[in-house]
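Colleague: One letter stands for each residue in the lines below.
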Amino acid sequence: MVKRLLGLTLLAALSSCFATGDKSTPDAKRFGRVSELGEGEHGLAITCGKLFTLADDDAVLAPGLIVVRGKSIDYAGPVIDVPAGYELVDAPDLWAAPGMVDLHSHVQTGGWGDINDMVLPCNPNFRTSPTIVPANASIRRACAAGVTTLFGIPGSGTNNSGFGVLYKTRCSGNYEECVLADPGGMKVAQDYNPERSVDLGASRAGMAWTLEHFNSMAIAANEQGRDELALRNLQRVHKGELPVLIHTAGSDACHTTIRMWGEVHPDTRAVLSHGCFDGYRVAPYAARVGIPVNLGPRTFDWFQSEGEWVGTPERYEAAGANLVSVNTDAPVMPQEELFLQGAMGARYGASSYLMLKACTVHPAKSFGIDDKVGSLQPGRHADVVLWRGDPLDPRSFVEKVWIEGTLQYDRAAEGQRF
Amino acid sequence: MVAAAFATRALAAVAAGSVVATSAAQVAGERGGPGLALIASKALIASWDGPQFLDDAVLLVKDGKIERCVARESLEMPEGYHVVDLGGAWVMPGMIDLHSHIGGRGGDINDMVYQTNEGLRVSSAVVPRNLDMLRCLSAGVTSVLFIPGSGTNMGGQGVLIKTGLSEFEETRIRDPGSMKVAQGDNPTRWGYGMGRSMMNYHIRTSVRRGLAYAKRWEQFEQRGGERPLVDPQFETFRALSKHEAQISTHTQIYQLVHSTIRILKQEFGLDVFIDHGEWGGFLAAPEAERLGVAAIVGPREIDTPEGRQYTDGQILSCAGEFQARGLSKIGFNTDAPVVPAEELPLQAAVATRYGFDASSMQAVRGLTIVPAVVAGIDARVGSLEPGKDADVVVITGDPADPRSYVQRVWSNGREVYVAKEGARTW
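Line by line, the protein sequences give chains A and B. According to this note's numbering, the first sequence holds residues -12 to 405 in order. According to this note's numbering, the second sequence holds residues 7 to 432 in order.
Careful, some of the hints might be misleading.
[Said to hold, decoys possible] Covered stretches of chain A, as calculated for chain B (at least 3 residues, CB under 8 Å):
hint, stretch
1, 188 to 196
2, 204 to 210
3, 234 to 243
Think of the hints as simulated: they come from the structure by calculation, not from any bench. Idealized CB from N, CA, C, for every residue including glycine.
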């Protein structure tokens, strides 16, 4: 895996033909531009041995330079001269990559549960924001593992458990400083956990009906121009204003998910999450419909694969699925092990670079926040991680993490947190 | 390519390597592949009102469809066809089970909070080529109506699916396949003291509301105006109202079968068929025939004399009694897993054993063309006629004889089962 990633890097570095001391001016549209700092402005220039931009052109620079002004990135490209006044970080041995993004995470509460209200099977009127404990221990550990953006969501105890929050894994700060979007999106669960033995929803049909019942109420409210307090956010989902993350697994439930959210309600911005067990069997259908897939934390199957060990990301990649990403479902898997989901996806046959995208730019695109996070490009938040080697190699560790231009974690100063 | 690879692997698992499927495009009989000619000692054509069988026949299959079935002596073999001589075996259409619960992961068919659940769709529970379906295939059952259980008066909507195919989209024949209604017995809430009168009141109320919903949509489609709001609870009534789907009814004993016919068919004008029909249900055969209601009998094929006022001490064949009382459309079901799905042909055999007249291929028809017509899918399946899906079963003899066994099965022109001699699945 490491070898494949290195090979790709080398190829990209050669093709971009930039090296230290090259005096030609890099393409400003592609990499951005560096300007003089204004009065009182803070600037940061990070030189690294290798730079994964995760931009659409898949640019990889060796060496590379990231220039940050204030909270966002001005420049990420080949090494050029930086004006005076910038704080300089010289890390020729380290690799830089964007902070990772996990769309399926429950650590916002600080480990006190508090993610399931299960009296009713469908709760689009709920928000998870009253449960957030910013900068809690799980969040700080996630930060030290290069994970900088989380979609903190309610659990899968009910078919619709309400609306989650997109936030940064800042190691200090309050709600206002950490939260990127509240509500950040809706959480739906269509299989296993939300099954109810004494209530409607004992079967997949019952659960699907429950969801469609609420969907139809929200659509009706939209069509009639009503603003219903309990349905307000679900109405926004059906207008395409908020994304939906859908807990679903097994080929039957995955198929229902794709049909319901991708085909029956194409205006919604749905992301299929988990897709475990034999969920890979509907990968061609997912690819046809174009629904983004967010796989994990079980990235393999051997129960129903007729004796063969199947890598779920590999099957979705082979089918040409849109925006394959991975998740930890933390604390189901520790939040700090998001990179390992990518590594294991590659271990089971997916390509390494796709798995790096699956931890960064793909989840950001799936949720429509790629103009802010997920890649190192001009105008994006300066969420930068310096790794001692390949981010997907468990032997690498994180040296430094900046979130929106502020240093959050420094291994040299405070010891290795993960 | 993943789908193709999976199909190949799945085939290998079933057929233990006796099928070599190189790629979907090249295989004879499949879509895009060359033609396939099957030479059989007898072809059970089972058309609705045309030829029933042909001796020394050749069945031509191309692009997943049946081209034609002709006498061997009259055929000049067309060029490029892959010819398979089946020896002394027969060919017949894939069998159809209109009462089956094995389409999913097992269970997953009853949501019992409410008494009527017309909005539920069991299509959300389908797992193609699950182990039960693979056993179905080894008995030549290529299509099933996968329906919700009878835990409530309306269990929800069934889906018509093929048993041998891997991809969900390809598997589906029609959704909704039917609305499942259960008029008595299982859905009775004994603890609350609910009886048949109240249950049928629930059914009536739901159907009335559903048809009113369908009518609003039909008026909108014909005359425009304000578009009605979509209500997932009643959506399926739009298909029922247009006769694009049927009601499949768990019903038995005379008074319930009679209620099925009188309420659902006569009062509401919906297409309905009788499922089960045991314990004297056949007494309502004349009304059923008059109103064009079919009976899909099983999985209890017999009525025993104990405590039954309508038998004279002998064991009766339910299908046979429906037949003797004038019902023309009679098929069979297993209610699998109540009776194993692979025992569908045995249902016809038992019926025949106790008096069902199969002298004009009624047993074969009850396993093939009758259920196809009853479910409204006879344009695609149910007989070996030109243009239909190539769902073809190779069997050693009469399917209603338990000593016959299935050797090979094609579905949509793809070979999906090959019996391993000495180690057959069924």
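Colleague: State for each hint whether it applies.
Modeller: Verification of the supplied hints:
Coverage of the stretch 188 to 196 of chain A by chain B holds [criterion: at least 3 residues with CB-CB distance below 8 Å; count 9]. Note: the stretch 204 to 210 of chain A has 3 residues with beta-carbon separation from chain B under 8 Å; the three-residue rule is met and the coverage holds. Three residues within the 8 Å Cβ limit are the bar, and the stretch 234 to 243 of chain A against chain B gives 6, so the coverage statement holds.
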